[in-house]
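Residue numbers for the sequence shown, in the UniProt record's numbering: 1 to 165.
Derived by calculation from the structure, the hints in this document are not laboratory data. Be aware that one or more of the hints could be misleading.
[To be verified] Label-pair restraints from in silico Cβ distances:
(1) Lys43 - Cys133: 31 to 41 Å
(2) Glu129 - Lys108: 33 to 43 Å
(3) Ile116 - Ser42: 32 to 42 Å
(4) Ile116 - Lys43: 12 to 22 Å
(5) Lys128 - Lys43: 15 to 25 Å
(6) Lys85 - Asn148: 21 to 31 Å
(7) Glu155 - His134: 21 to 31 Å
(8) Asp105 - Asp138: 10 to 20 Å
(9) Lys43 - Thr147: 25 to 35 Å
(10) Asn148 - Ser112: 14 to 24 Å
(11) Ile164 - Arg111: 29 to 39 Å
(12) Asp51 - Thr147: 34 to 44 Å
Since the model is a prediction, treat every value here as computed from it, not as a measurement. Every residue, glycine too, gets a C-beta built ideally from N, C-alpha and C.
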Amino acid sequence: MIHSIQPDYHYFPGFIMRSSIHSPLPQSQIIQCSNYEKNQKSKYRVLLVDDDEDLLYVNQVFIERYEGFQVDTVSSVKMALEKLKQYSHNVIISDYDMPELNGIDFYKIVRSEGHITPFIIYSSKSRKEISLCHQIPDSLICLQKQTNVSQGCKELVTLIRQIIS
1 MIHSIQPDYH YFPGFIMRSS IHSPLPQSQI IQCSNYEKNQ KSKYRVLLVD DDEDLLYVNQ
61 VFIERYEGFQ VDTVSSVKMA LEKLKQYSHN VIISDYDMPE LNGIDFYKIV RSEGHITPFI
121 IYSSKSRKEI SLCHQIPDSL ICLQKQTNVS QGCKELVTLI RQIIS
């Protein structure tokens, strides 16, 4: 749960966002810029899975507005598996530490169902920390979340671009 927002601003094409988020993020904290086209549709679709709905929202807004990708968001592995039945995604991004199943278990289920979609574990834990509990395949990409949310979003978008191109 996010608890407050520090006073410094970071600008990204499409929106301005305060960094160091610590409380529920009111929509008034995300300011749309006039050069963004709301109805812009992308040929790329991302599935974003995180049980922290505030962070899920921030990442969705950033990816949609900064890159223009279509983003499907869900807060559980069960809901993510349903989305995968409905749509084809170019990238799957999942938190590691979630209540029902963790991100590694989700990855294994996705692969066992025959999906070859690139998969990113986006977690507050490092790859090394996760590997203490799980054997991580080399093909699984792990990106550690940053305490500076805007920096973390930039890194995530950069990684998505590298995967898609």
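Quick check on a hinted range of 21 to 31 Å for Glu155 and His134, using CB atoms only. At 22 Å between Cβs, range holds.
Does the beta carbon distance between Ile116 and Lys43 stay inside 12 to 22 Å, or does it fall outside? Taking Cβ atoms as reference, Ile116 and Lys43 lie about 18 Å apart, which means the hint holds.
Are Glu129 and Lys108 spaced within 33 to 43 Å by their CB atoms? violated (18 Å)
Tell me if the beta carbons of Lys85 and Asn148 are separated by a distance inside 21 to 31 Å. violated (35 Å)
With 32 to 42 Å as the target window, see if Ile116 and Ser42 comply at their CB atoms. violated (21 Å)
May I ask you to test the hint 31 to 41 Å on the CB atoms belonging to Lys43 and Cys133? holds (37 Å)
Range first: 29 to 39 Å. Now tell me if the beta carbons of Ile164 and Arg111 are that far apart. violated (20 Å)
Distance restraint evaluation - Lys43, Thr147, Cβ atoms, bounds 25 to 35 Å: With Cβ atoms ~33 Å apart, the hint holds.
Given the hint of 15 to 25 Å, is the C-beta distance from Lys128 to Lys43 inside that range or not? At roughly 35 Å between Cβ atoms, Lys43 and Lys128 fall outside 15 to 25 Å, so the hint is violated.
Does 14 to 24 Å hold as the CB distance between Asn148 and Ser112, or does it fail? violated (36 Å)
Is the distance from the Cβ of Asp105 to the Cβ of Asp138 consistent with 10 to 20 Å? holds (18 Å)
CB of Asp51 to CB of Thr147, is that within 34 to 44 Å? violated (19 Å)
In this structure, the earlier hints numbered 2, 3, 5, 6, 10, 11 and 12 are contradicted, and the remaining ones agree with it.
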